[in-house]
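Could you build all of it, start to finish, from the sequences and the hints given here?
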Amino acid sequence: MYFWSIVIIVVSNILYNVSLKLTPENASPFTALLATYAAAAIAVVIASIFDKSGKGLVSGMKDLNWTSLVLGLSIAGLEFGYLMAFRSGWNISTGSLVANILLAITIIPIGIIFFREDFSLVKAAGAVLCIFGLVLINW
136 MYFWSIVIIV
146 VSNILYNVSL
156 KLTPENASPF
166 TALLATYAAA
176 AIAVVIASIF
186 DKSGKGLVSG
196 MKDLNWTSLV
206 LGLSIAGLEF
216 GYLMAFRSGW
226 NISTGSLVAN
236 ILLAITIIPI
246 GIIFFREDFS
256 LVKAAGAVLC
266 IFGLVLINW
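As numbered in the numbering used here, residues 136 to 274 make up the sequence shown, in order.
Bear in mind the hints are in silico, worked out from the structure with no lab data behind them.
Cβ atoms here follow ideal geometry from the backbone N, Cα and C, with glycine treated the same way.
Do not take every clue at face value.
[Claimed, not checked] Beta-carbon label-pair distances, calculated as ranges:
no.: 1; residue 1: D253; residue 2: A173; range: 34 to 44 Å
no.: 2; residue 1: A260; residue 2: I210; range: 29 to 39 Å
no.: 3; residue 1: I181; residue 2: I149; range: 19 to 29 Å
no.: 4; residue 1: N152; residue 2: G261; range: 22 to 32 Å
Shown next, in the form of structure tokens:
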């Protein structure tokens, strides 16, 4: 799953960005997001049929905490932000790249401080290259 999880993320992100870019301009962003969440809810219910943990959706609720609420709010913010970025003129080829580079750079201190992740000189060089790439992309 180490490899396949990344494949799923990449394929899903491609579909995500293309779908947001092609969302009709005249559609309300909130109606579009509501339809998106309805489709996601249906997909999760169907996928839960194949859950091997032995817990159903209802009984699994007791294991949740505040993170599910924050994740839901952050997903809504992400999708609204991307939709508005595309509607305001960002290209699909650079808007997502710029956002993800900025995310990668700004989340580094969180990983180091709160999750005690190591950050080597090689990783620092990679971050510097990302910043340089960000400058070049927006030049």
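Q. Which numbered hints does this structure break?
A. none
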